[in-house]
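A.B. asks: Residues per chain, in single letters:
Protein chains: 2
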Amino acid sequence: MKRHIYLKMKTVEEARQLFRSRFDPDTFLPPEEILTSAALGRVTAVPVFARLSSPHYHSAAMDGYAVAAEVTFGASQDRPKLLELGRQAFPVNTGNPLPSGTNAVIMVENVHPRDEATIQIEAGAYPWQHVRKVGEDLVAHEMVLPEKTEVTPYALAALLAAGVTRLLVRRRPRVVIIPTGDELISVAEIEAGEVPPGRVIEFNSLMLAALTEQLGALPEVRPIVPDRRQEIRAALAEAVQQGDMVIINAGSSAGTEDYTAQVIAELGEVLVHGVTMMPGKPTILGVVQGKPVMGNPGYPVSAALSFDQFAAPLLSDILGRHLPPRPTVAAQPAQKIPSKAGLEEFIRVTLGKVGERIMATPLPRGAGTITSLVRADGLIRIPAASEGVEAEKSVLTELLLSPELLEQTLVVIGSHDNTLDVLATLLRRHHPDLRLSSAHVGSTGGLLALQNHRAHLGGCHLFDPETGSYNVPYIKRLLPELPLKLINLVHRAQGLMVLPDNPKRIQGFQDLIRPGVQFSNRQRGSGTRILLDYQLAQLGIKPQAIQGYQQEEYTHMAVAVNVLSGAADAGLGIMAAARALGLKFIPVVTERYDLVVPETTFADGRFQKLWAIICSEEFKTTVAAMGGYDTRDTGAVMYEQ
Amino acid sequence: MKRHIYLKMKTVEEARQLFRSRFDPDTFLPPEEILTSAALGRVTAVPVFARLSSPHYHSAAMDGYAVAAEVTFGASQDRPKLLELGRQAFPVNTGNPLPSGTNAVIMVENVHPRDEATIQIEAGAYPWQHVRKVGEDLVAHEMVLPEKTEVTPYALAALLAAGVTRLLVRRRPRVVIIPTGDELISVAEIEAGEVPPGRVIEFNSLMLAALTEQLGALPEVRPIVPDRRQEIRAALAEAVQQGDMVIINAGSSAGTEDYTAQVIAELGEVLVHGVTMMPGKPTILGVVQGKPVMGNPGYPVSAALSFDQFAAPLLSDILGRHLPPRPTVAAQPAQKIPSKAGLEEFIRVTLGKVGERIMATPLPRGAGTITSLVRADGLIRIPAASEGVEAEKSVLTELLLSPELLEQTLVVIGSHDNTLDVLATLLRRHHPDLRLSSAHVGSTGGLLALQNHRAHLGGCHLFDPETGSYNVPYIKRLLPELPLKLINLVHRAQGLMVLPDNPKRIQGFQDLIRPGVQFSNRQRGSGTRILLDYQLAQLGIKPQAIQGYQQEEYTHMAVAVNVLSGAADAGLGIMAAARALGLKFIPVVTERYDLVVPETTFADGRFQKLWAIICSEEFKTTVAAMGGYDTRDTGAVMYEQ
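Chains A and B, in that order, give the protein sequences. Just so we're aligned, residue -8 is where the first sequence starts under my numbering, counting upward by one. Just so we're aligned, residue -8 is where the second sequence starts under my numbering, counting upward by one.
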């Protein structure tokens, strides 16, 4: 089934060096001359020298009278001097040229007009007082900007002050991006309608175009090319004619329909096929007609990271920008991060400062989870030789946000609920300087994080069947020593998910034992399963009587999909999962979702702002409008120890 | 002469609060709906929710075969299992939907084809192995982005993955910028020609437009309006109709032709006239028809700083961007910075890390020196109540560059010479990660900086008349204990500057005593004056015999201007000053310009790279081509101790 094999895999560093060594970025494109007034953000191709001095004449720096300083010497309050207007003193406004023979300006405030023709002064002026001398700011022929310098608003002003109205800048490379794949459907096509099963929205090319644009280069996205060798080849041949660099996305792997490496080899040379990085392993780097060509993997995170590692540095060099290394911090993973030896792994993490430590919580690692890049505050690179990072071991983390923001972040770890997003949104609305960062590791994971002081807050909905109560028994067991408050966020409905028209007329748990009703269950130990078993026991329903009780799924969504696809008639889950797939939701029980707030957090002004929002009508109204929630206890302290 | 007085001056903070309190940035402009594909850099107006789940079907995460996991249980190398294609196993490529009834994918590498219809496996698959489940990345109706969030390339991808093809973003405010002033000449007008004396290139409006654009707002620059009240009033009235904010530049002071405050008061309300800041004191903040109007001072640094303090925060709020405070460092001024009490002063400084200290060297403080903003690495704000900052006292400094760059900066302090710019340029060309920052405080200032370990290098051309030699006597006196090397940068010509056609036929010092020849002299103590006096003594010329010997100027350029304007027939100076004003330059003597390199610097790898450039043919050739320089000793060690 394999059509060809990877070249010997390269490390990220080897691959980057090999790719860059084939191009001289300083001569890759000829510079272009543009108007200075349109040069904001462009990069100088050569040093730029002043054409004029600034000022180009001695000019008044204040409103007042220009005089020859020598004439004023000796004036004092006791012995004022009179100056004749038009001969010894000349009215000037700021910026006016000094009349010939004058070399100082007396401020208007310090002058007493005597009559139409005479002024009186009570202090002498020193030579060049309140005068901007020729070349004070810029001297003609002096360098205004060195080469490879970005034209900032201030630089633009300085260039114009120096009479430089046109300048040579680095040309912006045109990057042609070719999406390939039979399964793809363009954004334009889905504009209104649905996406058919088996088809995937083509968004990688637009993401790569945006990354290209952000660097200052000129992206050009081509129409989707189907997985046919001849068509990909033709598209590449055309693209190298028109662009300065080509990115083919994807077909870079070794599957039956992965032609990218083949066509690059046919038209030019493949330098790298396979990099010891994850995500991003099937990256291809090549040259066709002297132009860089990149085969980007198809998963969005892979495509983004291989762009980041290989395309961005080369494009930056061509643009004359020095891409400084990202700032780093020493962060401690909130949990162990295992990693496959042999591949350098790029772990996306959220970051927050808890006490004196910067805690890193890994985001989902799949190459398909683009949200992991959206939510990432940092990147931990685990070397190929390593098998992972232990929890709480300090590890170098590349920052993707400004370091100042880490101080302004409240970290909540635990079970996820959509109302946390509402909370984050309202916090942002009312306190734009604060940030709520949430990591989703389940309720127990949240309590363990608090145990180890890895989070400011825990999000928790743990039902205890023995006492029939929420959260407190678990806190007493796991956090017996920690002074804390338990503050309710919401009560959340769990319910039965069924098809929209509810063909089996299911109304509650008792309907699950009816013949012909197929159930889809959650795995043992999950909150939803504990709740189900408790409710069944309360109702005296025997689990064995329920068809499908033994078949376990690990997420709300998997259960919902089973219902939607007809594999099951009902499943227990939260309203959000039902809504996501357009299922009917029949609430059967509510569970309590609380925030666990250690006293140290409670005393923190940042938390007080958050609490004020939780208690606000705005929060309660917004949450109530989502459906599936009850806010009767929202903001209330349910327990403290 | 004053037409009106300032309102009671406000502090920066008071003025900003007063201005912002008049507008609700969240409702100032209605949001607009745009295509997600065009949303890069825009800011969400409301939270954005997923329209579709991603993936929206269970899909293969690997190339291989889709199977029902249960069927594969028990397979091992010893007891392989056979699966029938099309019934028990289905070939899939990454991204394909799982056929009905399957819940796992076996990678193609782990499958042994037996015949056309059968494959063999040697290990079991676990449920959902190599499968991307529905909603794994995004669940429909879940929040993708909160409000007030910038659309990054990754966010753009996530939105499209979630089927969000249009979204509501904050509208970009239109900012109308009106340049005013009789003395102004537009950039278009000077394109080719010269700038007449008394006229000034109007570049502030383009700088303000660039600053506006950088924030994400839409600038619109109007033609220059002359200093006439009715015309300014008409321009403002029109601008508030068409824009969301108006900036009038300038006429904000209290001079005879400063009408800005008047016309704002006539058409609306003046909130602030006069802020206790320097530069930027004559700032006006007002409201006309519910729209913010700003009167910016005319000096470029004032205009930039008042934009930075008042326009930028308001525009950022309207754009929904939280402008985080600039990062700060504790820096130590390399020299005392006196400041006027009563005004908060914004000192532009260059920064560099010398040893463990970050040294701040003040740049020229005039509000007209736009280059001080171009060159600034940081901003020291001296409170109104303070009379300045002592040298080497730690002071909070707002960073204008990335903190990492401070580690990569070589700091040279001393006398300026244009060849230092060449050096900085070549360093940038060959080592884009390194930076040479130079501060110009004169040769002696440079030696004192080294004495106090405030710089890596000193730039020095001190002639000692007693020994007739350069630099070494001064080093022995000022730095007797410091192990160092003296490395020559260049020999520099000083010469007589005369009009281009040299009407008085001046060839050398002896011509200065001819009757009818007027000389322009430099001040006592300056290097040029020491050189002149030494040369005159050598030649046996009596200073008193030279007309104009007593009239002193403080800069090369002031002397050159005297020659150009006819006030003098000749002056002694460097070739760059003569070239700047198109004067003829008659070399009469060379002086030695050396770098003073302490051993600690010499041992530093960064200096070694700089030295390699100084010694390179490229540097010597470039310097020689400038004229007025001799590179015979360039790079050579002239002395060490």
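Since the hints were made in silico from the structure, they are not lab data. For clarity, every value in this text was computed on a predicted model and none was experimentally measured. Using N, Cα and C, we set each Cβ at its ideal position, and we do this for glycine too. Be a bit skeptical, because a hint or two may be false.
As the list claims (entries may be wrong) - Covered stretches of chain A (in silico footprint by chain B; criterion: 3 or more residues with CB under 8 Å from a CB of chain B, positions within the stretch not fixed):
{"hint": "1", "stretch": "150 to 160"}
{"hint": "2", "stretch": "275 to 283"}
{"hint": "3", "stretch": "308 to 320"}
{"hint": "4", "stretch": "414 to 420"}
{"hint": "5", "stretch": "439 to 449"}
{"hint": "6", "stretch": "515 to 521"}
Unchecked claim - Selected chain A positions facing chain B (Cβ under 8 Å, derived; list incomplete):
{"hint": "7", "residue": "16"}
{"hint": "8", "residue": "20"}
{"hint": "9", "residue": "123"}
{"hint": "10", "residue": "186"}
{"hint": "11", "residue": "346"}
A.B. asks: Now look at each hint and say whether the structure bears it out.
C.D. replies: We went through each hint and held it up to the structure:
1. 150 to 160: Per the Cβ count (4), the hint holds.
2. 275 to 283: It is violated: at least three residues are needed, and the stretch 275 to 283 of chain A offers just 0 whose Cβ sits closer than 8 Å to chain B.
3. 308 to 320: holds (count 4)
4. 414 to 420: n = 4 at 8 Å, threshold three: holds.
5. 439 to 449: violated (count 0)
6. 515 to 521: violated (count 0)
7. 16: Violated - the Cβ of residue 16/A stays beyond 8 Å from chain B, reaching only about 10 Å at its closest.
8. 20: Violated: closest Cβ of chain B sits about 16 Å from residue 20/A, beyond 8 Å.
9. 123: holds (5 Å)
10. 186: holds (6 Å)
11. 346: Cβ of residue 346/A sits 22 Å from chain B, so the hint is violated.
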